[in-house]
Amino acid sequence: ATARGALTAELVELLQAAPELRLLGQLEPAEARVTALDTEVVDADRSGVTRMGGSDAAVQLVLGVTVLALVTVGVPAVVDGQLGGVLLASLLVLAVAAAEAVGPLPMASRALVTASTAARRLREVLDAPPPAPDPSESQRRDPPDRDAPLVHDRATATYPGSAEPAVHDLALTLAPGQRIAVVGRSGAGKSTLAALTVRFLDPDRGEVRLEDLSLTCLTGEQVRGAVALSPQDAHLLAGTIGDELRLAAPGASEEELAAALAAARLDAFVAELPEGLDTPIGEAGDRLSGGQRHRVALARTLLVGAPLVVLDEPTADLDATTGRAFLADALRSAGERGVLLLTHDLRALPVVDEVVVLEEGRIAARGTHEQLLATDRGYATRVALEFATQ
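Taken in order, the sequence shown gives residues 40 to 429; the numbers are from this note's numbering.
Misleading hints may appear alongside valid ones.
Between beta-carbon pairs, the in silico distance windows are [to be verified]:
no., residue 1, residue 2, range
1, V106, T153, 19 to 27 angstroms
2, V88, V112, 31 to 39 angstroms
3, E70, R185, 47 to 55 angstroms
4, G264, R85, 49 to 57 angstroms
5, L53, R85, 20 to 28 angstroms
6, T360, E203, 33 to 41 angstroms
Derived by calculation from the structure, the hints in this document are not laboratory data.
By construction, the Cβ of each residue, glycine as well, lies at the ideal position given by its N, Cα and C atoms.
With the hints as extra help, turn the sequences into a complete structure.
Written out as structure tokens, the structure is:
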């Protein structure tokens, strides 16, 4: 079962990453790994079939010997009147029935091992405690008004199993209508900030709260009703455009879906499709371009209706022109919502209210774009390089 699971995982990875593996010249080694695992699975299956065949043969052999012994001993006894013929027939039927009952046991034992392995894996997932469990009934509170600001009050957070905090002493306030960009290189702590903001993770020290109410007093559903997250790797399911949007708002009307599409600048594209909202988007949205996938994810996030929105690396995998247009549309479509923009892309910074620079999980600098250009040489250099390459 372990080998079969490894084969499945390796095969899925090969199918998903085949173009990149081919470009890197690693397709043949990946195929060799799949072949080796497949051989291991086949050998294990062959060994299991051999053992099962031996068990079946042993059962049939015991049955044959038992029947032969009963006939050899029983027939003379019946002839001599020492044993009734009906009793001998009953003994023969009993022997055959016992063999039929015992015969499936080897196959059942093998199935039990496979099922036990699968059950153990499921239990590992189902029994794993959530990183940020919901509060008890006595601790639970109603969320504050929609105009409540989100406050990170010297928040320090460590992922389970990690020895070092991912972020340290974060101090940040986001109010509806405000635009804040958090910039930093990969690993600076931006995704951890996003996890804290929507309570996928609780701080070890400090606090994250809505106005004066700690997020630990709210359920995950309540938090994500106040703060909507558009993650960096937003996943699209294999359904239609309408199905994808209704994940965020199952009861949304056609008018509400149309408004979200218009806000994300997808309305014209959808209007040109013969099936409109009922157009299939393929596995993980593979029938859409990269920009279209990002816009569908944005429309889905807007449909949540939360007063605060977190956009985590919204221009990842987009070229400069598409990324610039998408950022402008994302900030425009947010309207009166507060927007926390987590990015290593500096193109949107001139139009946000505040820029926060993260380095190694700490706030290294903050201010308006113009202030940082004037006071932070590293920031100014990065901005110059960014715009020079466009």
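Structure-based check of each hint:
1. V106 / T153: 19 to 27 angstroms: violated, 33 angstroms
2. V88 / V112: 31 to 39 angstroms: holds, 36 angstroms
3. E70 / R185: 47 to 55 angstroms: With Cβ atoms ~54 angstroms apart, the hint holds.
4. G264 / R85: 49 to 57 angstroms: Cβ of G264 to Cβ of R85: about 55 angstroms, so the range 49 to 57 angstroms holds.
5. L53 / R85: 20 to 28 angstroms: holds, 24 angstroms
6. T360 / E203: 33 to 41 angstroms: holds, 39 angstroms
Of the numbered hints listed earlier, the single one contradicted by the structure is hint 1.
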